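Asks: Chains as they are written, first to last, in my numbering: chain A, 16 to 149; chain B, 16 to 149; chain C, 16 to 149; chain D, 16 to 149.
Among the hints, erroneous ones may be present.
The list treats identical chains as one, so a pair stands whether inside a single copy or across any two.
[Unchecked claim] No more than 25 Å apart at the CA atoms, straight line, and that leaves these computed lysine to aspartate or glutamate pairs for DMTMM-like: (1) K133 - E75; (2) K133 - E20; (3) K128 - E20; (4) K132 - E64; (5) K89 - D129; (6) K96 - D86; (7) K132 - E20; (8) K133 - E115; (9) K112 - E64; (10) K89 - D127; (11) K131 - E115; (12) K79 - E20; (13) K131 - E64.
FYI, nobody ran anything at the bench for these hints, they're computed from the structure. Everything numeric in this text was worked out from a predicted model, so none of it was measured.
Number of protein chains: 4
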Amino acid sequence: MFTYETEIKWHQTDAAGVLFFAHQFTLIHDAYQTLMQSIGFPLSRFIQELNYALPIVHAEADYKIPLTAGDQIKINVTVTKIGNSSFTLAYTLLNKKNVEVGTANTIHVSIDKDSKKKINLPVSLMNALQTYRC
Amino acid sequence: MFTYETEIKWHQTDAAGVLFFAHQFTLIHDAYQTLMQSIGFPLSRFIQELNYALPIVHAEADYKIPLTAGDQIKINVTVTKIGNSSFTLAYTLLNKKNVEVGTANTIHVSIDKDSKKKINLPVSLMNALQTYRC
Amino acid sequence: MFTYETEIKWHQTDAAGVLFFAHQFTLIHDAYQTLMQSIGFPLSRFIQELNYALPIVHAEADYKIPLTAGDQIKINVTVTKIGNSSFTLAYTLLNKKNVEVGTANTIHVSIDKDSKKKINLPVSLMNALQTYRC
Amino acid sequence: MFTYETEIKWHQTDAAGVLFFAHQFTLIHDAYQTLMQSIGFPLSRFIQELNYALPIVHAEADYKIPLTAGDQIKINVTVTKIGNSSFTLAYTLLNKKNVEVGTANTIHVSIDKDSKKKINLPVSLMNALQTYRC
């Protein structure tokens, strides 16, 4: 399990005083960015060096307890599925008291950067993702 | 069916040159904001006047065709479910050629602003939502 | 003078209930995006076709009256300076009653996309910018 | 001098592959949020407990070196001016090699939350701000 810690920022709250729902997706992507870096696939490699990309084709989230600016949170991430040309990540958001405040998951597909067509997940990435396979 | 039109903004794209996935949720919320205004429930009423709020408890989205800065899009919104204390909205995003580029839905729950407890959907809101019930 | 009209979105407000200051910069960039499109330089051209870019090297803003979600605003844009390798845009934000709620300006420099070095403003862009020169 | 460290997030970059200019303002506000917490004035106090607010009335920034997703940055913050009813913060952004990539400053005014009128900076806040006065 990969863990990412952060704090809710003022600009992530809205006029209701709580985290705007779309920003929970931004937060889990920050966790994803950090996880990918930790397994040798910093997202910058997908810009310059690698000939494939990993666009998100599905994302969903549940919201259980509202968060406000300054709240410390922990996001646990696991790889729940590795397919031929896609993988799924599951995220659990916990507050300072370790209470689950929300969950999310994202499905990523591997595509060739030129043709934009689906390709098999490269073995090197598959192996790297195994690190956090649950 | 309610329709909201907008254009993908430069700041909604990321280093891959396409709409960042979380911003599709922001865009559908912009459509929701406009729909609510059109049926007599501008979101500002939930700040000042009304004693209930409508937090999102679930959101999900599918991504079919990437969007880039300057793309004109249309978001069609329908109310797909009206429950005792919740309602569900479904969104379809179409590009200039009327091709579906993504879909999404959000579930909103009515809560008392003071107790934060679930309450029945007020009849006035229920009736207003019927306008776009499919 | 170029005019861009929009509405303050819910997600652009923060826990104080008003437009988050950084989003005023996002809003003026939306106006800039629309202006550039109107003079034949949609920002997408700087990605694919043109060999130069126009990064912002300076930006500033004043805030006079707070804005809330749902507020209709108008942003007037003029080109206040065209130099050899830079230009300056000035923005005035007005509310529904035509009262000035904020101002801003941005300085853009023309650089070669490969060398990242400053270059002279292309004549075609210079001429196009004259449209809104004050 | 107060120091805040962070990493450029994927969603803070745009189709040019670099940090979108408005997000530099967001980043310095994150530094401000952390500074305020460190001197006993977490921003949440301005929502619930304190009867005054500190809106930004002016902000400006310079951009020297573009930043990309994954870049580690350090933001140094100092209080450069404490007036009767306002204070000014100056920010310097440094990359991993300690090279200045940008600067910014913000002017904050103290207002009464009810009347929205300017008030004197409370002495407790004035004293707290002295911690990072340069």
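Asks: Hint by hint, note whether the structure agrees.
Replies: Hints, verified against the model:
In the homo-oligomer, the alpha carbons of K133 and E75 lie at most 25 Å apart both inside one protomer (22 Å) and across protomers (22 Å), since each shortest distance falls under that limit. For the homomeric pair K133 and E20, neither the shortest alpha-carbon distance inside one copy (33 Å) nor that between copies (30 Å) is at most 25 Å. Neither within a single protomer nor between protomers do K128 and E20 lie at most 25 Å apart by alpha-carbon distance, with minima of 32 Å and 29 Å respectively. Taking CA atoms no more than 25 Å apart as the test, K132 paired with E64 passes in both settings, with 18 Å inside one copy and 23 Å between copies.
In this assembly of identical chains, K89 and D129 lie within 25 Å of each other by CA distance neither inside one copy nor across copies; the values are 37 Å within and 27 Å between. Within a single copy, K96 and D86 get their C-alpha atoms no closer than 30 Å, and across copies no closer than 29 Å, so neither meets the 25 Å cut-off. For the identical chains of this complex, K132 and E20 are neighbours neither inside a copy (35 Å) nor across copies (29 Å), given an alpha-carbon limit of 25 Å. In this assembly of identical chains, the alpha carbons of K133 and E115 lie at most 25 Å apart only when taken from different copies (19 Å versus 35 Å within one copy).
Proximity of K112 and E64 under a CA criterion of 25 Å is satisfied inter-copy only: 23 Å between copies versus 41 Å inside one chain copy. In this assembly of identical chains, the alpha carbons of K89 and D127 never lie at most 25 Å apart, being 33 Å within a copy and 28 Å across copies at closest. For a Cα distance limit of 25 Å, the shortest separation of K131 from E115 across copies, 17 Å, qualifies, whereas the shortest one inside one copy, 37 Å, does not. Only within a single protomer do K79 and E20 lie at most 25 Å apart by alpha-carbon distance; the minimum there is 18 Å, versus 30 Å between protomers.
In the homo-oligomer, the alpha carbons of K131 and E64 lie at most 25 Å apart both inside one protomer (16 Å) and across protomers (20 Å), since each shortest distance falls under that limit.
Checked against the numbered hints above, the structure breaks hints 2, 3, 5, 6, 7, 10 and satisfies the rest.
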